[in-house]
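Trainee: Chain by chain, the residues:
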Amino acid sequence: MQYVEINVTVNGELYNKTVPANKTLLRFLREDLFLNGVKEGCNEGECGAFTVLVDGEPMNSCLVLAAELNGREVLTVEGLAQDGRLHPLQEAFIEAGAIQCGYCTPGMLMSAVALLNRYPHPTRAQIRKEMEGNICRCTGYTRIADAVLLAVEKMDTAEKNQSPQRNQKVLAGTKK
Amino acid sequence: MLPKFDLYMPEDFVEACALKADGAKPVAGGTDVFVNMHGGKDKSARVLDIKRLKELQGQRFSESGLDLGALTTHREIEVWDEIRSRYYAMFQGCSQVGSVQIRHRATLGGNIMNGAPSADSIGPLLVHDAVVTVAGPDGEREIPLDKFYTGFKKFDIQPDELLTRLHVPLPPDNAGSAYYKYMRRNAMDLALMGVSAYVEIEDQHFTSVRIALTTSGPTPMRSYSAEQVLLGQPVSDEIIVQAAETVEREGKPRSSWRSSAEFRTRLLHDITIIVLHEAVQRALKPVALKAEAIPMRQYPGLDGLKPRPKMEDVSCSM
Ligand SMILES: Cc1cc2nc3c(=O)[nH]c(=O)nc-3n(C[C@H](O)[C@H](O)[C@H](O)COP(=O)(O)OP(=O)(O)OC[C@H]3O[C@@H](n4cnc5c(N)ncnc54)[C@H](O)[C@@H]3O)c2cc1C
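Residue numbers (the working numbering), protein chains in the order written: chain A, 853 to 1028; chain B, 981 to 1298.
What the hints contain is simulated information worked out from the structure, not anything from laboratory work. The beta-carbon is built from N, C-alpha and C at its ideal position, and this holds for glycine as well. Keep in mind that the hints are not guaranteed to be accurate.
Claimed, not checked - Label pairs and their calculated CB-CB ranges:
1) N922/A - S1235/B: 44 to 54 Å
2) D884/A - L1264/B: 56 to 66 Å
3) G954/A - P1275/B: 33 to 43 Å
4) A1241/B - R937/A: 56 to 66 Å
5) G954/A - A1167/B: 18 to 28 Å
The following block holds chain A by itself, in its conformation from the complex (with noise of 0.2 Å):
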């Protein structure tokens, strides 16, 4: 078995790891990192459970090699809450209800920091454009964009008050 070094960064922390040439970034995230907020749904890149961001932009971590990763930066559902304090995003996913068995959450997160960093202002068509890719098999996915919409509301809220969420949420997905 062939094995490959990559330096990631994930999350924001640096990781030096040897990883087997097979290894998909989803397998690597949770079983070498224990971050098992990415769930591996179909394995066909269908479900959207594996959503994570590489350098800004949403992807399928079970359709990814982790060994293509060196010199990459991750972000996964883990990174999103700073200092203790749940992303806008989080916050509103909870307030709206947009969340009952909670597999697709994660995903479905990552999508939607992906959707606010290209439309911060998005449309309920936009939303539900640009995470299509996103299965969701009991909430419904009305409260999955009321969430979107007012984690929106919060972000706009909290820059008028030049609280640092704003700041979050740039950090959150910028393109390196």
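For chain A, the structure is supplied; the task is to place chain B with the ligand on it using the hints.
Mentor: Okay, now just chain B with the ligand, sitting in the frame of chain A:
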């Protein structure tokens, strides 16, 4: 779990060609290859990651058209302003591949070389007259995309060659294009049927026409005889319906669990009418407005239950 394999990530093109000739499996975005591996269909012992090859990278729009590296992703096409204003069918095709996550990874080169008859970028590339470049240790060759497919998942490419680039010529200001993907759900589904059209209109006449069919045969394909029906003719609903009837005869869709061949054949007819109307309307708009979506003009027969209307019942679009 992915099967065990050795991974090669060369930066040197000749080295990559040698590895491919020796049986290593090229991987770009991996959205087809790794799915096949997870499912046990692909057991390649060696994987050749081609993403570091600069010969396959980059994309540029210029006076002569688009120069696209084979590694160009569907997302890059989707968010590119010039694509929307000049190559609208490509925007429609690429922006409907899988999901955002898939589109950030999946490449045009992979979409072509995977060879699926349902590939969403191919019909739009065919009607925009794309030319592919394949290269190997002995140099490169340019092949029109419609000649590149030689059969189901078969291409005019040698074992030591890689698909390196695509060239898509610049359409004139009087051109318009459209792609319609028929799906059972709004996202994450393959095309049950798809038709692409490209037209140039001068003095209300079709002066250039290309039509391509998706999921209608072993490969994405041009419908040359339908193009001939329109060429040189004044634009009218009658002639568009005639073209659709020709497409319906020329397409050879199969039955699958997604749909029967009969339903697909009927869709071919109706979708051809939709995309021709849309392409004509876009051709008539100034370039600055070509990027806008055009509301779908439904043909009265689209609901599939009513008998097709007689020619007299169809109003003229111009
Ligand atoms: C969840 C999901 C949804 C999808 N939805 C769609 C959809 O809606 N529409 C659609 O058309 N497709 C869809 N696909 C299929 C796939 O994403 C596309 O075909 C994609 O464009 C493949 O690109 P890739 O770079 O990932 O290819 P890869 O998987 O890397 O490669 C595909 C094939 O091409 C070969 N190859 C790649 N690049 C080259 C090259 N430069 N030279 C020679 N050979 C090469 C590889 O060896 C392999 O045989 C979907 C896939 C998934 C997993």
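Trainee: So, for every hint listed, does it hold in this structure?
Mentor: Structure-based check of each hint:
1. N922/A - S1235/B: 44 to 54 Å: At 47 Å between Cβs, range holds.
2. D884/A - L1264/B: 56 to 66 Å: Taking Cβ atoms as reference, D884/A and L1264/B lie about 58 Å apart, which means the hint holds.
3. G954/A - P1275/B: 33 to 43 Å: 40 Å, holds
4. A1241/B - R937/A: 56 to 66 Å: Roughly 58 Å apart at Cβ, these two residues keep to the hinted range, so it holds.
5. G954/A - A1167/B: 18 to 28 Å: 22 Å, holds
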